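A.B. asks: Sequence:
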Amino acid sequence: MASRARFLGAAAATAAVAAFPTAIVAQARKTLTIGYVPSTLFAPVFVAAERGYLRDAGFEATLTPIVAGADSMSLVAQGQIDVAAAALSAAFYNAVNRGLEVKYVASTGYQPRKGQPSALLIRQDLYDGGLRIPGLKGKKIGWIGNQGAASAYYVARILRKDRLRLTDVESLNIPNPEQQTALEHKAVDALFTSAPFSEEFAQKRLATIVASPPPGIAASGIFFGPALLRNHDNASAVMTALRKAAAEIAGNGFYAPANVEAYAKYTKQPVELIKASPRYDFKPDLRIDQGTLEDMQREFVADNILTYKQPLNEVRLVARF
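Quick note on the working numbering: the sequence shown kicks off at 450 and runs consecutively.
Hint data in this document are derived by calculation from the structure and do not stem from the laboratory.
There may be inaccurate statements among the hints.
[Said to hold, decoys possible] Below, computed lysine-lysine pairings styled on DSSO-like, alpha-carbon distance capped at 30 Å:
hint: 1; residue 1: 732; residue 2: 714
hint: 2; residue 1: 724; residue 2: 653
hint: 3; residue 1: 589; residue 2: 610
hint: 4; residue 1: 724; residue 2: 563
hint: 5; residue 1: 693; residue 2: 563
hint: 6; residue 1: 610; residue 2: 588
hint: 7; residue 1: 563; residue 2: 653
hint: 8; residue 1: 610; residue 2: 563
As the structure is a computational prediction, the values presented were derived from the model and not from experiment.
Produce the entire structure from the sequences given, and follow the hints as far as they go.
C.D. replies: Structural data, given as structure tokens:
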């Protein structure tokens, strides 16, 4: 009996020792709060979270959807979230100019060489009547967000070819769920939106796709707040996990079943719809698209959208880990 008791005690001790490292690892994991816009533009974030790459890097990640990139800037700068997966916007530049602690650390979805995941559409009756981009001066164009949103910048890049500016058109903030109604009721003359909505509107003959942003540019990415900016090791660990995910989806891996399931979970879009929609391109190293970062600032300064006139230096805008 005593022998059996000693055996059971030893077994229990062995089990406790075996479990101890796991418990230590679990306790050592750091909390990481991520706010994200529900779009495949941020696919690396979804894959890094869902496939366990952030967990392997020592983080217990919590992902919370946010409406738009502009909404996230104050949250990340004030430390209410650690990471924002969102688009560049006037809100970011203005936040940095005010001295808030937020920096752009990576670019995510690039406009692709093939396909049009983001596009400008002209309302079908106007298109049939001959309206094209040069005739949009004075017309109403809808997109998600205000004049300082990334969508506004993409519209500006499209208009630029015909020597038009954002100030030449009337902008309307129209969320995705309201865009079809806006077209049907003729509340807008043109609309900038993304797949699958762009393709759906074209198929229903509500509007015709006339242009998309230049390929190879990215106005979306990752922003870090104070907690990560003040801890180089943690920031580097997060970026390593995100780069692992980006490298996995940069090529054909984008459509791997486990990855598509991750996009579907966080964007709330059906798997089949994601598979059928045009995709964005991704750089494995998540390098910052410096050209777009600077050009957007110049565009918004010229259009009096920013609260300052002298462009901010790159050092104030970005951090690299």
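A.B. asks: If a hint holds in the structure, say so; if it does not, say that too.
C.D. replies: Hint-by-hint comparison with the structure:
1. 732 x 714: 23 Å, holds
2. 724 x 653: 20 Å, holds
3. 589 x 610: Holds. Residue 589 to residue 610 sits at ~18 Å (cutoff 30 Å).
4. 724 x 563: OK: residue 724 and residue 563 at ~15 Å, within 30 Å.
5. 693 x 563: Holds, because 24 Å separates the two Cα atoms, which is no more than 30 Å.
6. 610 x 588: 17 Å, holds
7. 563 x 653: The hint holds at about 23 Å.
8. 610 x 563: With Cα atoms ~20 Å apart, residue 610 and residue 563 stay inside 30 Å; holds.
Every hint from the earlier list agrees with this structure, and none is contradicted.
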